[in-house]
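*Asks:* Given next are the chains, with one letter for each unit.
Number of protein chains: 10
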Amino acid sequence: MLFHVRMDVSVPHDMDPDARADLLAREKARAEEIQRSGKWPQLWRVVGEYANISIFDVDSTDELHDLLSSLPLFGFMRIKVTPLAHHPSKVD
Amino acid sequence: MLFHVRMDVSVPHDMDPDARADLLAREKARAEEIQRSGKWPQLWRVVGEYANISIFDVDSTDELHDLLSSLPLFGFMRIKVTPLAHHPSKVD
Amino acid sequence: MLFHVRMDVSVPHDMDPDARADLLAREKARAEEIQRSGKWPQLWRVVGEYANISIFDVDSTDELHDLLSSLPLFGFMRIKVTPLAHHPSKVD
Amino acid sequence: MLFHVRMDVSVPHDMDPDARADLLAREKARAEEIQRSGKWPQLWRVVGEYANISIFDVDSTDELHDLLSSLPLFGFMRIKVTPLAHHPSKVD
Amino acid sequence: MLFHVRMDVSVPHDMDPDARADLLAREKARAEEIQRSGKWPQLWRVVGEYANISIFDVDSTDELHDLLSSLPLFGFMRIKVTPLAHHPSKVD
Amino acid sequence: MLFHVRMDVSVPHDMDPDARADLLAREKARAEEIQRSGKWPQLWRVVGEYANISIFDVDSTDELHDLLSSLPLFGFMRIKVTPLAHHPSKVD
Amino acid sequence: MLFHVRMDVSVPHDMDPDARADLLAREKARAEEIQRSGKWPQLWRVVGEYANISIFDVDSTDELHDLLSSLPLFGFMRIKVTPLAHHPSKVD
Amino acid sequence: MLFHVRMDVSVPHDMDPDARADLLAREKARAEEIQRSGKWPQLWRVVGEYANISIFDVDSTDELHDLLSSLPLFGFMRIKVTPLAHHPSKVD
Amino acid sequence: MLFHVRMDVSVPHDMDPDARADLLAREKARAEEIQRSGKWPQLWRVVGEYANISIFDVDSTDELHDLLSSLPLFGFMRIKVTPLAHHPSKVD
Amino acid sequence: MLFHVRMDVSVPHDMDPDARADLLAREKARAEEIQRSGKWPQLWRVVGEYANISIFDVDSTDELHDLLSSLPLFGFMRIKVTPLAHHPSKVD
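Residue numbers (the working numbering), protein chains in the order written: chain V, 1 to 92; chain Z, 93 to 184; chain C, 185 to 276; chain H, 277 to 368; chain G, 369 to 460; chain P, 461 to 552; chain U, 553 to 644; chain X, 645 to 736; chain A, 737 to 828; chain L, 829 to 920.
It cannot be assumed that every hint is accurate.
[Stated by the list, open to error] Below, simulated DSS-like cross-link-like pairs (lysine-lysine); rule was C-alpha separation at most 30 angstroms, straight line:
(1) K683/X with K734/X
(2) K28/V with K908/L
(3) K591/U with K775/A
[Stated by the list, open to error] Chain X is nowhere near these chain U residues, computed Cβ spacing over 10 angstroms in every case:
(4) D568
(5) A571
(6) A573
(7) D574
(8) E579
(9) R582
(10) I586
(11) Q594
(12) V599
(13) D611
(14) S621
[Stated by the list, open to error] According to the in silico footprint, chain C covers these stretches of chain H (three or more CB under 8 angstroms from chain C):
(15) 310-323
(16) 352-365
Just so you know, these hints were derived from the structure itself, not from any lab.
Backbone N, C-alpha and C fix where the C-beta goes; we use that ideal spot for every residue, glycine too.
Chain V with its partners taken away, still in its complex shape (with noise of 0.2 angstroms):
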């Protein structure tokens, strides 16, 4: 089941450098690890913004909260869900 997420990420400008280095590394490392599970499928970076578009696969809504809020940038970000279904014209 598909959900289109966009996340615009808005962090302190007077945030310690470390403590943002540090932030920054540990989202890498979050988002690279469910993108292997295989629940986070497309990532996008929209062009000159520091946001992305994404698209999840998940088994339930709970699930989705659950991913998205163990990103360590969660309280840093806005984020908008939008579900997805089978479109009648997509060719397979």
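Dock chains Z, C, H, G, P, U, X, A and L against the given chain V, drawing on the hints supplied.
*Replies:* Same frame as chain V, but now just chains Z, C, H, G, P, U, X, A and L:
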């Protein structure tokens, strides 16, 4: 080169039923044709809306506009294009 | 799996009165049918508006889209779907 | 009498961790207390957001405001209240 | 129990003049009837707009929706309801 | 001459508690003073929000701005003023 | 007492050309009549839009609404009124 | 003196096809005429939309409004004008 | 050549009081200086807001930007510029 | 391939003045460097705002994101990218 495209369809309620059926049949045929060319790799229905979210893979912005404006529903859609780039945390 | 759905209805003023009455009767019948199936456990009127706020309980996003698009008023509604998850402070 | 309430939480990132933990613990306790009184029958997490959608069942608007403003997080939330009424197509 | 209501009227320009005059006469009669019942204590015109801001005094949200939807212009208005509570600095 | 005023309050979380208490006490005193003068006949709390909806009765727009900007919270509020006129369907 | 008024005009494309010409002629005549009375001291076209920005100088909000609603185009305009006050840095 | 102009076109679907073709031909001719005068140095299509982004080079705001309102599509476009100035980091 | 300018001021609450007083004094002095030059013929306070609506009369967009950015409060204001043209119904 | 880019700058007021001066100097140097490469052919100031409107000429969306994110002010700007295509009425 990838572009994220959202299309919201709005066909007038008072369109002649035959004209409408013809329009939608031609839209479906053209959408399948573009998909088969490899230029429209992803196409999803937005749940609860007469709308889709798509990914286009094109060589230029001119090509993208030509493809979108070749859709028979083009004059009946609100289309929003967002350019995408490679994400540094993407696992290939 | 729960989804929050808001539907805002907009039927053209110049629709033939009989066609309108028929449309609304079929909408009511289909809405009751879905509710009896257990897939639409909550349905409220928004005060002062021709709109409702609903909770759907479905197995997948495809099922949700099929249910919503089976409503006779589907083409006359603006629908907004919000996925819901379990809340950690919920008292059962 | 039912009201639909959406609460979006925004706690400052630089709040002292102990003060934050205490605030959240008191919020949880108060939220559970109100739920047990029967005044807050539904509470869901919005997927991907630090937000909830709730249904309150109260005798008056004054009572609703007293309940909402008694939440320890009240000063850190954007709250939007929508009055609900019985829907004529609701199956009981 | 008080509710703040804003109503924005939009009657189609091509409505038959007699039908329009009849509609507006019935609206005025019903609005005066509700006011005389004491349920609609305040009614103001928004300067420069075909809109009003009103205060309703009702016993329940169901009663408020019944009153608003009984207005002949109901299908031609965008209505926004805001629940009000006692203000702690109000001087009686 | 009546004006509809909505005030949304936003006091910084890190304000010194004593300064905050003093500010709010002075706001309450000034609000009561203006109400007693007859210039601020209606004042309601918006349910669930740190906001009020008010009616001011003044002789001029200059007088209204002087009253609003004399409130100790003026620098901490977003204020929206809407001019009101007599409504032709108002029952006196 | 000054008010800032923005008027955005939207006349239906399918209005009968003679009716339209008559409407616009009456609008122009009435606009000039109000200006000559001294109540409408400023009137500018917004570049690129079928809209104007105006300053009205009236004795009351009732008078302002009477003037605006006396315009033949009143039913075809979206009007936004903003009350103005003396500015303390204004050089006279 | 440069102005940034965005024009969004919206021609009614039920316009007579010949009238539409004539309108668009006259629009194209007038657009080319203005461009040849040097007053409209840049004109781009917005990808996926029936819209353009343009740069106009004019001597005054009156001249700009005269040019824009001389376009046959003027009554069918939403136009947004943004004044531009020299940028201090511009490399000539 | 006239431009409509709205300026919304937002000075941080925690600015040093002396720095603030100095900033506002310099703003007032510069605003009066520009007005005396004839380039800023109209300046009004928006009722209830720390904002003004102004008319500037300049020879070019570069001159307008130079004037606005010379204001000491420039970095603390959100400014919106709207180009104005002669209105055909203006009575001189 | 052309892209329309709007950048709105927002540098915190409490940034150290030397750090700010250094940041702006590096931004200017980098902006000039990109312009000299031919990738940033147009750059204008938006009148009255700390913002620019630009045209970028790049070979891919990845290249555009690399250029924009190489700007020292990247973390302090809200950037909006709009893809452009050839306009059929463009006079070359």
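*Asks:* Against this structure, judge whether each hint is valid.
*Replies:* Structure-based check of all given hints:
no. : hint               : verdict
1   : K683/X with K734/X : holds (21 angstroms)
2   : K28/V with K908/L  : holds (25 angstroms)
3   : K591/U with K775/A : holds (25 angstroms)
4   : D568               : holds (15 angstroms)
5   : A571               : holds (16 angstroms)
6   : A573               : holds (14 angstroms)
7   : D574               : holds (18 angstroms)
8   : E579               : holds (16 angstroms)
9   : R582               : holds (22 angstroms)
10  : I586               : holds (23 angstroms)
11  : Q594               : holds (16 angstroms)
12  : V599               : violated (5 angstroms)
13  : D611               : holds (33 angstroms)
14  : S621               : holds (25 angstroms)
15  : 310-323            : holds (count 8)
16  : 352-365            : holds (count 8)
In summary, the structure is inconsistent with hint 12 from the numbered list given earlier, while agreeing with all the others.
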